[in-house]
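Asker: Protein chains in written order, with full-length UniProt numbering: chain A, 1 to 196; chain B, 1 to 196.
Errors might be hidden in some of the hints.
With a straight-line cut-off of 30 angstroms between C-alpha atoms, the simulated DSBU-like cross-links for lysine-lysine are [stated by the list, open to error]:
no., chain 1, residue 1, chain 2, residue 2
1, B, Lys173, A, Lys168
2, B, Lys30, A, Lys181
3, A, Lys168, B, Lys162
4, A, Lys30, A, Lys168
5, A, Lys61, A, Lys36
6, B, Lys173, A, Lys162
7, B, Lys30, B, Lys89
8, B, Lys30, A, Lys162
9, B, Lys173, A, Lys89
10, B, Lys61, B, Lys106
11, A, Lys173, B, Lys168
12, A, Lys173, B, Lys36
13, A, Lys89, B, Lys13
14, A, Lys181, B, Lys61
15, A, Lys13, A, Lys102
16, B, Lys36, B, Lys181
17, B, Lys61, A, Lys168
18, B, Lys36, A, Lys170
19, A, Lys168, B, Lys181
20, A, Lys162, A, Lys102
21, B, Lys145, B, Lys168
22, A, Lys38, A, Lys141
23, A, Lys173, B, Lys173
24, B, Lys102, A, Lys170
25, A, Lys162, B, Lys162
26, A, Lys173, B, Lys106
27, A, Lys13, A, Lys168
28, A, Lys170, A, Lys13
29, A, Lys79, B, Lys61
30, A, Lys162, B, Lys36
31, A, Lys170, B, Lys168
32, A, Lys145, B, Lys168
33, B, Lys145, A, Lys168
34, B, Lys106, B, Lys170
Just so you know, these hints were derived from the structure itself, not from any lab.
Listed below are the residues making up each chain.
There are 2 protein chains.
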Amino acid sequence: MGIEKISDDGDGKLEYLYPPHLLQNLDFNKSPAIFKPKISAVQPGEDWMVVRPLQKSDYDKGFLQLLGQLTNVGNVTRKQFDDRFNQMKQSGGYYVTVIEDKRISKIIGAATLTIEQKFIHNCSLRGRLEDVVVNDTYRGKQLGKLIVVTVSLLAQELGCYKMSLDCKDKLIKFYETLGYKLEAGNSNAMNMRTLL
Amino acid sequence: MGIEKISDDGDGKLEYLYPPHLLQNLDFNKSPAIFKPKISAVQPGEDWMVVRPLQKSDYDKGFLQLLGQLTNVGNVTRKQFDDRFNQMKQSGGYYVTVIEDKRISKIIGAATLTIEQKFIHNCSLRGRLEDVVVNDTYRGKQLGKLIVVTVSLLAQELGCYKMSLDCKDKLIKFYETLGYKLEAGNSNAMNMRTLL
């Protein structure tokens, strides 16, 4: 019908959280990040690797276990996962992006871009980088850099005037090499645990 | 029909961004903030003041001009404003909250709570405080504290496990009195301007 059919399996397991073509034309030359060797979202360096939007079937590919290397995830059932996936897709603004090792059908890297709608700056959009994690056993393949640059370029592609993240001290240098900056006198991330 | 009718004017100008009853039962005793005298979202201290969700008619009540005291807003047309309002409402997760001076029909304070859906922490929700501003000429009425505590309690009411904000150095003490904390080694807010 002229519209790309994203999901063509019976039960929607291959359904993407967002249109995968958005990752096809990101210009990695726009990023200050230096890749040695050169890789990108479409050419991640190994033919058994793919960078793509989250799919429902990633519940069976260790996506939540990978997030568990980052923080507490808990026992999320398939229904909870599907419900949250559907809610994110319905809301819009959620760009959970993963790297899969296709040889073993496992998710080995992930990062989330969320997009916040604003009234300021002429009803602009602001991007946020969240929940970045790469499987330790794939060190040396530039995957942390790859997944962060991918969603950062995606934010730009989608029209965000600014992309933000919170991080630990030890990660400041890494993010600086990717173009992120601490602004003097204006770089404090504060939190309140609302449910104790 | 048993369902509260939020908008009852002909052209939707009185339409709220989110259900106003959510502000009616916030327990201000749960906040570490100290108010002298005691005020709250339902009793903001003056009978000509009201704390409520953003309405479409706030375009005519100086809402954008107030935001202009915070940062650049630009020339947002009524259509742009209405479109953004509708998009926020459709997406869900946007709780733009205002204080109105009803004597002159002007917005004198505002803060935004956005809610991000997560997979981590058992598919939890994370709140963010954004775009806090109070009209300078209303100093001494605790309105900054009032609007921030209002949306912080709202985040808790809506089930957020954490509420976050970015701020300038000079505001750290203020937010600490409201329960926000810098975490040692993990409190860096970094940004990248994606469109230069």
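Asker: Hints first: check each against the structure and report whether it holds.
Answerer: Status of each hint after checking the structure:
{"no.": "1", "hint": "B:Lys173 <-> A:Lys168", "verdict": "holds, 21 angstroms"}
{"no.": "2", "hint": "B:Lys30 <-> A:Lys181", "verdict": "violated, 36 angstroms"}
{"no.": "3", "hint": "A:Lys168 <-> B:Lys162", "verdict": "holds, 17 angstroms"}
{"no.": "4", "hint": "A:Lys30 <-> A:Lys168", "verdict": "holds, 26 angstroms"}
{"no.": "5", "hint": "A:Lys61 <-> A:Lys36", "verdict": "holds, 28 angstroms"}
{"no.": "6", "hint": "B:Lys173 <-> A:Lys162", "verdict": "holds, 26 angstroms"}
{"no.": "7", "hint": "B:Lys30 <-> B:Lys89", "verdict": "holds, 28 angstroms"}
{"no.": "8", "hint": "B:Lys30 <-> A:Lys162", "verdict": "violated, 34 angstroms"}
{"no.": "9", "hint": "B:Lys173 <-> A:Lys89", "verdict": "violated, 38 angstroms"}
{"no.": "10", "hint": "B:Lys61 <-> B:Lys106", "verdict": "holds, 5 angstroms"}
{"no.": "11", "hint": "A:Lys173 <-> B:Lys168", "verdict": "holds, 21 angstroms"}
{"no.": "12", "hint": "A:Lys173 <-> B:Lys36", "verdict": "violated, 44 angstroms"}
{"no.": "13", "hint": "A:Lys89 <-> B:Lys13", "verdict": "holds, 29 angstroms"}
{"no.": "14", "hint": "A:Lys181 <-> B:Lys61", "verdict": "violated, 36 angstroms"}
{"no.": "15", "hint": "A:Lys13 <-> A:Lys102", "verdict": "holds, 16 angstroms"}
{"no.": "16", "hint": "B:Lys36 <-> B:Lys181", "verdict": "holds, 22 angstroms"}
{"no.": "17", "hint": "B:Lys61 <-> A:Lys168", "verdict": "violated, 41 angstroms"}
{"no.": "18", "hint": "B:Lys36 <-> A:Lys170", "verdict": "violated, 41 angstroms"}
{"no.": "19", "hint": "A:Lys168 <-> B:Lys181", "verdict": "holds, 15 angstroms"}
{"no.": "20", "hint": "A:Lys162 <-> A:Lys102", "verdict": "violated, 33 angstroms"}
{"no.": "21", "hint": "B:Lys145 <-> B:Lys168", "verdict": "holds, 16 angstroms"}
{"no.": "22", "hint": "A:Lys38 <-> A:Lys141", "verdict": "holds, 11 angstroms"}
{"no.": "23", "hint": "A:Lys173 <-> B:Lys173", "verdict": "holds, 27 angstroms"}
{"no.": "24", "hint": "B:Lys102 <-> A:Lys170", "verdict": "violated, 50 angstroms"}
{"no.": "25", "hint": "A:Lys162 <-> B:Lys162", "verdict": "holds, 23 angstroms"}
{"no.": "26", "hint": "A:Lys173 <-> B:Lys106", "verdict": "violated, 45 angstroms"}
{"no.": "27", "hint": "A:Lys13 <-> A:Lys168", "verdict": "violated, 35 angstroms"}
{"no.": "28", "hint": "A:Lys170 <-> A:Lys13", "verdict": "violated, 38 angstroms"}
{"no.": "29", "hint": "A:Lys79 <-> B:Lys61", "verdict": "violated, 44 angstroms"}
{"no.": "30", "hint": "A:Lys162 <-> B:Lys36", "verdict": "violated, 38 angstroms"}
{"no.": "31", "hint": "A:Lys170 <-> B:Lys168", "verdict": "holds, 21 angstroms"}
{"no.": "32", "hint": "A:Lys145 <-> B:Lys168", "verdict": "holds, 28 angstroms"}
{"no.": "33", "hint": "B:Lys145 <-> A:Lys168", "verdict": "holds, 28 angstroms"}
{"no.": "34", "hint": "B:Lys106 <-> B:Lys170", "verdict": "holds, 28 angstroms"}
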